[in-house]
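Colleague: Put together the whole structure using the sequences plus the hints.
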Amino acid sequence: MAAHLQCWAILVDKWCREDWEAMNEACRQRRLLMQGPAHHQGSLSLNEYAAKYSASHGGKAINTFEAFAFFHKGKATADIHYNPEDPPEAYNNPNFHSHLSSYSKVAKEVHGSDFNPRSHDLDGEVL
121 MAAHLQCWAI LVDKWCREDW EAMNEACRQR RLLMQGPAHH QGSLSLNEYA
171 AKYSASHGGK AINTFEAFAF FHKGKATADI HYNPEDPPEA YNNPNFHSHL
221 SSYSKVAKEV HGSDFNPRSH DLDGEVL
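If you want our numbering, it's the 1-based position in the sequence shown plus 120.
Keep in mind the hints are simulated off the structure, nothing from the lab.
Among these hints, one or two may not hold up.
[As the list claims (entries may be wrong)] For lysine to aspartate or glutamate, the following DMTMM-like pairs were computed, each having C-alpha atoms within a straight-line distance of at most 25 Å:
no.: 1; residue 1: Lys195; residue 2: Glu209
no.: 2; residue 1: Lys193; residue 2: Asp241
no.: 3; residue 1: Lys228; residue 2: Asp241
[As the list claims (entries may be wrong)] Cβ-Cβ distance ranges computed for the label pairs, FRET-style:
no.: 4; residue 1: Asn167; residue 2: Val132; range: 17 to 27 Å
no.: 5; residue 1: Arg238; residue 2: Ala142; range: 29 to 39 Å
no.: 6; residue 1: Ser222; residue 2: Glu141; range: 19 to 29 Å
no.: 7; residue 1: His231; residue 2: Glu205; range: 33 to 43 Å
no.: 8; residue 1: Leu247; residue 2: Lys180; range: 20 to 30 Å
no.: 9; residue 1: Ala171; residue 2: Arg238; range: 16 to 26 Å
Each residue gets a CB set at the ideal place from its N, CA and C atoms; glycine is no exception.
Modeller: Structure representation (structure tokens):
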């Protein structure tokens with residue numbers, strides 16, 4: 121947790137807003153309608169998933185952006201890769217593709233058009 125204090129601060133601020141409980145319940149109801157699992161991360165944090173992926177893939181280190189994309193494609197031990205050109209069907213839930221595309225678009229607006237989200241950890245401000 122200490123490695124991502126900025127992200128945690130943003131989440132806590134979000135959870136303390138007056139409208140959060142109603143929004144959370146609406147999102148919960150939407151998740152119940154999803155086809156397939158939300159992700160393959162289980163109870164692992166992003167860093168734990170990244171470490172497990174690295175251990176299963178010859179020590180290849182990945183950042184939190186890649187971990188975020190990978191755990192929507194398969195288990196950390198699976199032979200999975202990130203390609204920004206992957207279609208929605210490449211993810212366990214096709215709706216995730218639009219979330220990842222939106223993140224990438226906003227990240228480029230914030231950091232410049234030549235910004236490659238895959239080269240950096242997730243940005244809490246962009247999320």
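Colleague: Which numbered hints turn out to be false for this structure?
Modeller: 7
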